[in-house]
Amino acid sequence: MTRKTLTLFDPALVRPALFDAFQKLDPRVQWRNPVMFVVYVGSAFTTALALAQPTRFTALVALWLWFTVLFANFAEALAEGRSKAQAASLRGLKKQTWAKHLQGSYDHAVPRTAMQWLPREAENLRKGDVVLVEAGETIPADGEVIDGVASVDESAITGESAPVIRESGGDFSAVTGGTRVLSDWIVVRVAVNPGETFVDRMIAMVENAKRQKTPNEIALTILLVALTIVFLVVVATLLPFSAFSVHASGTGQPVGLVVLVALLVCLIPTTIAGLLSAIGVAGMSRMMQANVIATSGRAVEAAGDVDVLLLDKTGTITLGNRQASAFLPAPGVKESELADAAQLASLADETPEGRSIVVLAKQKFNLRERDVASLGAHFVHFTAQTRMSGVDLPGAGSPAPRQLRKGAAEAIRQHVQALGGQFPGALQATVDDVARRGSTPLVVADGTRVLGVVELKDIVKGGIKERFAELRRMGIQTVMVTGDNRLTAAAIAAEAGVDDFLAEATPEAKLRLIREHQAAGRLVAMTGDGTNDAPALAQADVAVAMNTGTQAAKEAGNMVDLDSNPTKLIEIVETGKQMLMTRGSLTTFSIANDVAKYFAIVPAAFVGTYPQLAALNVMQLASPSSAILSAVVFNALVIVFLIPLALKGVRYRAVGAASLLRRNLALYGLGGVIVPFIGIKAIDLAVAALGLA
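Numbered according to the UniProt record's numbering, the sequence shown spans residues 1 to 693.
There could be a bad hint or two in this list.
To be verified - List time: in silico SDA-like cross-link candidates among lysine to any residue, alpha-carbon distance up to 25 angstroms:
#1 K364 / E470
#2 K334 / P401
#3 K334 / P424
Derived by calculation from the structure, the hints in this document are not laboratory data.
Nothing here was measured: the structure is a model prediction, and the numbers come from that model.
Produce the complete structure using the sequences and hints provided.
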């Protein structure tokens with residue numbers, strides 16, 4: 001099952017949005033948007049006047065004031081409907097599922113067929129329970145694979161039809177409830193309680209995030225409310241001034257209440273107020289279109305303000321499939337001896353790099369797989385702290401085990417020196433040469449004896465340098481994070497065009513780097529997938545966890561990338577900036593609109609009191625009532641015409657803040673002044689031709 005992408009005005013979205021627009025006329029809903037609440041009250045007041053003293057002009061003004069409220073409601077409902085439609089397929093995953101639940105604790109030494117698996121409903125599973133999922137069955141809950149390997153269909157989550165491999169250990173152990181196992185089997189330890197699954201959180205995000213305003217949106221709302229209060233006070237004082245002027249001069253006619261309501265509605269920033277909520281919801285919707293789930297609107301907004309991007313080298317900047325390409329022995333060591341030791345140290349290494357070492361040793365020296373059981377080996381797995389792995393083998397005629405290790409040059413140096421050995425100076429030159437080529441050197445040691453270097457090659461992704469150049473023009477600093485040594489990191493950083501790099505990165509070093517940037521007043525974004533990334537993800541302002549990553553990483557982040565594509569971080573920043581650009585552009589347009597509406601409605605409203613104001617009728621509108629009605633109609637229709645822009649977003653451009661400001665002022669500021677003159681005049685011609693005012 002793949003998710004369906006709906007067009008902007010798909011009938012499946014428009015019909016419920018129209019219904020919701022009327023439902024949102026509830027005063028308790030309207031009160032949440034103070035500016036539109038003023039329009040709402042004005043509409044009700046004008047309707048009461050139309051019922052008390054029926055005239056065509058009053059009825060038409062009241063009708064279009066209600067349309068103004070409904071159009072704003074429709075924009076918000078349409079944005080919410082798009083988000084709900086995107087999550088509809090995930091809702092379909094919440095169906096009754098049965099699981100094969102293990103009675104007792106799981107033991108890797110016991111064949112799974114000898115264990116007792118009893119059926120249990122998925123909704124009754126708890127965190128820590130162990131379940132068996134075989135080919136053709138649905139994974140009952142979010143969890144981590146603790147045994148086995150299987151091909152899994154995650155199309156309902158990611159939208160991608162190609163199956164993915166999920167296996168125990170490493171960065172591809174996480175599975176999502178509702179996805180389906182296509183082949184083989186896996187044993188899964190449930191990581192969440194009922195109601196806390198990924199699908200549950202996704203649905204909750206769709207249902208609840210729409211009403212959670214971000215700090216930027218709250219600040220803009222306060223500004224809009226302040227402008228509304230100013231105009232409200234000004235309009236409220238115009239009636240007594242008009243009445244006094246008529247009384248003092250003995251001629252003329254005071255301004256009417258309907259005209260004052262129309263004037264107030266046209267001068268307050270209704271356009272941006274009506275679209276503000278839709279812009280925020282649409283920003284989260286665009287994240288979902290990119291297969292990124294944001295836990296809140298705050299995360300999307302923060303992405304638009306990011307100053308620093310922390311990007312992993314492997315899989316983000318480079319293709320990530322580093323392969324062993326050469327064995328470079330130390331002086332006095334045979335290449336075959338180095339290959340033999342490197343293969344032994346890599347037998348339990350399930351990473352692509354470790355497997356490639358085993359394969360290269362087979363190809364070059366016909367070194368076949370060993371019988372691990374007969375070796376009596378104790379494997380030492382890689383950790384971010386030690387930055388090396390290997391194997392301990394029983395010593396031949398010696399009580400001390402033979403310690404074979406492979407890892408980063410500095411880590412092996414410290415290991416050898418701790419055992420009382422010395423790191424050959426000549427080998428350091430080999431390490432440096434490999435690093436300068438942009439490859440990764442892995443040093444192999446047998447106890448205190450350093451045997452040589454295994455060269456791992458990786459390739460920088462095509463086009464990544466241009467992407468980094470775009471980010472630099474936007475004022476965003478890029479930092480490459482890698483566990484490689486400084487020379488390798490510097491070579492890759494120079495080739496990729498990043499601004500800075502962090503070499504030999506440990507979880508503590510990542511966390512320290514993020515805090516340093518934040519202390520300097522910058523907002524930091526990063527991606528991660530492992531448990532060791534969780535502290536840094538929790539500290540970062542925008543933290544994107546890979547869906548294939550561990551549960552700890554996903555809980556620490558404020559976004560989850562369903563595609564588990566590390567380069568998605570760049571798109572996330574662009575989407576966040578697009579949302580901020582859209583909000584700023586439409587705010588500029590909305591405020592600029594008032595200039596034209598001022599020339600349309602103010603002379604028409606007070607020409608009866610001050611006949612000299614007829615000189616300000618620069619648009620040559622047909623009559624005062626036609627001018628007022630035309631301004632009210634334009635004020636309502638402009639919201640409809642701007643809905644596509646609010647939902648799709650202003651076109652993203654990788655330019656600096658100053659250039660962006662000049663462009664927006666020219667396009668949306670000047671355009672906001674010119675467009676209403678044209679629109680109001682066109683509506684006035686139509687109103688006059690139809691004899692409506």
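Comparing the hints with the structure gives:
The hinted pair formed by K364 and E470 fails the criterion: a straight-line CA distance of about 44 angstroms is larger than 25 angstroms. Between K334 and P401 the CA atoms are separated by roughly 22 angstroms; this keeps the pair inside 25 angstroms, and the hint holds. Between K334 and P424 the CA atoms are separated by roughly 15 angstroms; this keeps the pair inside 25 angstroms, and the hint holds.
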